[in-house]
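Q: Input sequences plus hints: build the corresponding full structure.
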Amino acid sequence: MDIIACIKRVPQTAEADVKIDSSGKDIVKDRLQFDMNESDTYALEEAILLKEKFSGSLTVISVGTFDAEDTLRIALAKGADNAIRIKAEDFGELDGYKTAQLLKAVIKDLKHDAIFTGCIATDDYYSQVGVTLAELLGMPHASLVTKIEIDGNTVHAYRELEGGLLEHLAMSLPALFTIQTGINEPRYASLIAIRRAAKKEIKVIGKEEINAEDIVSFSSLEKLFTPPVGERAEILSGTLDEIGTRVQGIVKEKGLL
Amino acid sequence: MAEIFALVEHRQGAVRDITYELLTCGRKLATAQNTKLTALVFASPADKIVESIQERADRIIVMEHGVFENFNAEIYQLALRDILEKEKPHVTLIGHTAFGYDLCPALGAEMGIPFATDCLDIEFTGSRLRVTRSVYDGKLDAHVLLKEHTSYLVTLRSGCFTPEEVSLATEVVKQESPVTEQPEYRKFVDYIEAAVGEVDITKADIIVSVGRGIKEQANLPVMEEFATAIGGVLSCSRPVVDAGWLPKDRQVGSSGKTVKPKLYIALGISGAFQHIVGMKGADTIIAVNKDPNAPIFNEADYGIVEDLFKVVPVLKEKILDAKKLKG
Ligand SMILES: Cc1cc2nc3c(=O)[nH]c(=O)nc-3n(C[C@H](O)[C@H](O)[C@H](O)COP(=O)(O)OP(=O)(O)OC[C@H]3O[C@@H](n4cnc5c(N)ncnc54)[C@H](O)[C@@H]3O)c2cc1C
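Just so you know, the sequences run in chain order A and B.
In this text, residue positions in the first sequence follow the working numbering: the first is 263, and each later residue adds one.
In this text, residue positions in the second sequence follow the working numbering: the first is 37, and each later residue adds one.
Treat the hints with care, as some may be off.
To be verified - Cross-link-like lysine-lysine pairs, in silico, DSS-like; alpha carbons within 30 Å at most: (1) B/Lys298 x B/Lys284; (2) B/Lys326 x A/Lys281; (3) B/Lys359 x A/Lys516; (4) B/Lys84 x B/Lys296; (5) A/Lys485 x A/Lys291; (6) B/Lys183 x A/Lys485; (7) B/Lys326 x A/Lys287; (8) A/Lys516 x B/Lys293; (9) A/Lys409 x B/Lys239; (10) A/Lys291 x B/Lys326; (11) A/Lys366 x A/Lys315; (12) B/Lys64 x B/Lys210; (13) A/Lys366 x A/Lys313; (14) A/Lys287 x A/Lys469; (15) A/Lys485 x B/Lys316; (16) B/Lys183 x A/Lys469; (17) A/Lys281 x B/Lys316; (18) B/Lys72 x B/Lys183; (19) A/Lys409 x B/Lys293; (20) B/Lys251 x B/Lys298; (21) A/Lys373 x B/Lys223; (22) B/Lys251 x A/Lys281; (23) A/Lys366 x A/Lys465; (24) A/Lys370 x A/Lys465; (25) A/Lys514 x B/Lys223; (26) B/Lys298 x B/Lys352; (27) B/Lys223 x A/Lys409; (28) A/Lys514 x B/Lys346; (29) B/Lys360 x A/Lys514; (30) A/Lys514 x B/Lys296; (31) B/Lys122 x B/Lys183; (32) A/Lys370 x A/Lys315; (33) A/Lys516 x B/Lys316; (34) B/Lys362 x A/Lys514.
Rather than coming from a laboratory, the hints here were simulated on the basis of the structure.
All figures in this text were calculated on a predicted structure; none of them were measured in a lab.
A: Below is the structure:
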């Protein structure tokens, strides 16, 4: 089985101080840590598990700048056979639609029985690249998948809906799945594997191979701004003991003792 | 003027709340553009669904066929394409739900219609459409302009529009479904209900909820003891379930449980909107987070900007003291 996994390198912003840069359209990145997008780590793991079970090849692809090669190398160390970077720097501002077209331009020439992507990227939050890519490639898809079982020619895909309800689908391959977190236990790459992956070649594809004029976007970022704050929490200040006493008062007042 | 369309979302026979929000947003856009609002119902049976949204749109287009009983993105895409090609609406609104996730990007890509997903607000600026989105883990918002076109697709985040009661004279129009069977390559089989656990967090008055900030599974017992000591139960955010530290029935949020306790104490939870929708109905929310800019502080009543491991023992002691005094 030939499998493709699409991964993205994103800044880790959940615990960081996120500042807008002077262009007003990007964030200040120099003090942020970058890593593989969370749901992509699960998509990659699912791809590796499938490859291990059915044998075949696994190719990982990322649309990104040079640094994305670090992320691709982690994927190689975990078990991918080939890695391709599509040079983001060659194609200007990217929206989800443009990213999907770039991926399509490369994937259409590769053998693929199954494609895996994450269900959402934690930087732009679009959650659209996987489903768009499936449509552009003319293949069926299932998004937000939390369980996959292959039974002969039938793939049972389970999509997670609101409230944790699962939608059970019977599909055929080739198909694309956008993977939700929690579907598996992503492995860690061993140090030896990371060292070995450092020497592997990463194929780089840019505007020489893909005609930038054929790639259009559907949207452009106008500006970033700090979200308007509504009624914010009253921040309890003072020593820990004083804060504790305040909470004690709140609990008492609400009749919760 | 081309119309505004809103796709009615339903599951297991009932209209979903997002539908009313889409219709409210749609009415805002229709008023701004001096045009009409049309709701699209693909269902089987359709009567009850149509009845639930009567008077909320100028027109309801109904396609009634067995294939629409359960959502299947492939079938909805075929039906929508049929209608959009004929009617050419200006904007079509879809929920940013598991349903919209699966449908909108494929439809937009197939028809070449610019689309934007997970939008908090939408406005026209001249002939273009501007959407507001939340990015970087909810730390920033973005204004995004869609490429100039005659038609747009937008998925709307739930909870951004408060449904309003309106009484429009609604015209109901029936149309034939262009699809009559499920495609071989993607068939809906069934729904599988979430497993029921031993503790029902939706019934608790006091909830202590832990997030990725608790760092490792080994820290869980201390949190559980805290919850029990103050007479509450332990719940969590999604990453705690993903890691296998707590079962799925303890997860609060859009893909977990919706809780409405008297007191919700959030420990090391950043406040992603998928979490917030599950707990914003709590009477009192106290959030402990070491990041002063964590979005959870926009939802909480009281905030403690501190290391949760220092705060928990103090809160436990203080609340236990008060309990003892009360006898
Ligand atoms: C379709 C979909 C459905 C989803 N459904 C849900 C859902 O139902 N429920 C849900 O919760 N999420 C859901 N999510 C995931 C959601 O988007 C967030 O990723 C998740 O809620 C983040 O969990 P968290 O706040 O625990 O972790 P993080 O966002 O990583 O936040 C951890 C927080 O802990 C704080 N922290 C760290 N250490 C300490 C310390 N020592 N003391 C104090 N604070 C500390 C940090 O400052 C940070 O704010 C869903 C996502 C998608 C795409």
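Q: Compare the structure with each hint and give your call.
A: To see whether the hints hold, each was checked on the structure:
Between B/Lys298 and B/Lys284, the direct Cα distance comes to roughly 22 Å. Compliance with the 30 Å bound is thereby established for this hinted pair. At most 30 Å may separate the alpha-carbon atoms for a hinted pair to count; B/Lys326 and A/Lys281 meet this at roughly 18 Å. Between B/Lys359 and A/Lys516 the CA atoms are separated by roughly 13 Å; this keeps the pair inside 30 Å, and the hint holds. Annotation: proposed proximity of B/Lys84 to B/Lys296 holds, straight-line Cα distance about 29 Å (limit 30 Å).
Straight-line distance between C-alpha atoms of A/Lys485 and A/Lys291 comes to about 16 Å, which keeps the hinted pair within the 30 Å bound. With a CA separation close to 15 Å, the supplied pair B/Lys183 and A/Lys485 stays within the 30 Å bound. At most 30 Å may separate the alpha-carbon atoms for a hinted pair to count; B/Lys326 and A/Lys287 meet this at roughly 27 Å. For the suggested pair A/Lys516 and B/Lys293, the alpha carbons sit about 24 Å apart, so the restraint of at most 30 Å is met.
Among the hinted pairs, A/Lys409 with B/Lys239 is consistent with the structure: their alpha-carbon atoms are about 29 Å apart, no more than 30 Å. For a cut-off of 30 Å, the pair hint linking A/Lys291 to B/Lys326 stands: about 21 Å separates their Cα positions. Only pairs whose Cα atoms come within 30 Å are accepted, and A/Lys366 paired with A/Lys315 is accepted, the gap being roughly 26 Å. A distance of roughly 25 Å separates the Cα atoms of B/Lys64 and B/Lys210; the hinted pair therefore holds under the 30 Å criterion.
Distance hint between A/Lys366 and A/Lys313 is fulfilled; the C-alpha atoms sit about 21 Å from each other, no more than 30 Å. With a CA separation close to 24 Å, the supplied pair A/Lys287 and A/Lys469 stays within the 30 Å bound. Taking the CA atoms of A/Lys485 and B/Lys316, the gap is near 29 Å; set against the 30 Å cutoff, the hint holds. Proximity of B/Lys183 to A/Lys469 is assessed by CA-CA distance (about 23 Å); at most 30 Å being required, the pair is judged to hold.
Simply put, A/Lys281 and B/Lys316 have alpha-carbon atoms about 27 Å apart, close enough for the 30 Å limit, and the pair holds. Between B/Lys72 and B/Lys183 the CA atoms are separated by roughly 23 Å; this keeps the pair inside 30 Å, and the hint holds. A C-alpha spacing of about 20 Å is found between A/Lys409 and B/Lys293, which places the hinted pair at or below 30 Å, so the restraint holds. Annotation: proposed proximity of B/Lys251 to B/Lys298 holds, straight-line Cα distance about 27 Å (limit 30 Å).
Taking the CA atoms of A/Lys373 and B/Lys223, the gap is near 25 Å; set against the 30 Å cutoff, the hint holds. For the given pair, B/Lys251 sits about 25 Å from A/Lys281 by alpha-carbon distance, which is consistent with the 30 Å threshold. Between A/Lys366 and A/Lys465 the CA atoms are separated by roughly 16 Å; this keeps the pair inside 30 Å, and the hint holds. Between A/Lys370 and A/Lys465 the alpha-carbon distance is near 16 Å, which keeps this suggested pair within the 30 Å criterion.
About 54 Å separates the Cα atoms of A/Lys514 and B/Lys223, which puts this hinted pair outside 30 Å; it is violated. With a CA separation close to 17 Å, the supplied pair B/Lys298 and B/Lys352 stays within the 30 Å bound. Restraint check for B/Lys223 and A/Lys409: the C-alpha separation of about 16 Å stays at or below 30 Å, so the hint holds. A hinted pair counts as satisfied when its Cα atoms are at most 30 Å apart, and A/Lys514 with B/Lys346 qualifies at roughly 22 Å.
Taking the CA atoms of B/Lys360 and A/Lys514, the gap is near 12 Å; set against the 30 Å cutoff, the hint holds. Using a Cα cut-off of 30 Å, the hinted pair A/Lys514 and B/Lys296 holds, with the two alpha carbons roughly 19 Å apart. With a C-alpha separation of about 22 Å, the suggested pair B/Lys122 and B/Lys183 falls inside the 30 Å cut-off, and the hint holds. Distance restraint check for A/Lys370 and A/Lys315: the Cα-Cα separation of roughly 24 Å lies within the 30 Å cut-off, and the hinted pair is therefore satisfied.
Annotation: proposed proximity of A/Lys516 to B/Lys316 holds, straight-line Cα distance about 17 Å (limit 30 Å). Proximity of B/Lys362 to A/Lys514 is assessed by CA-CA distance (about 10 Å); at most 30 Å being required, the pair is judged to hold.
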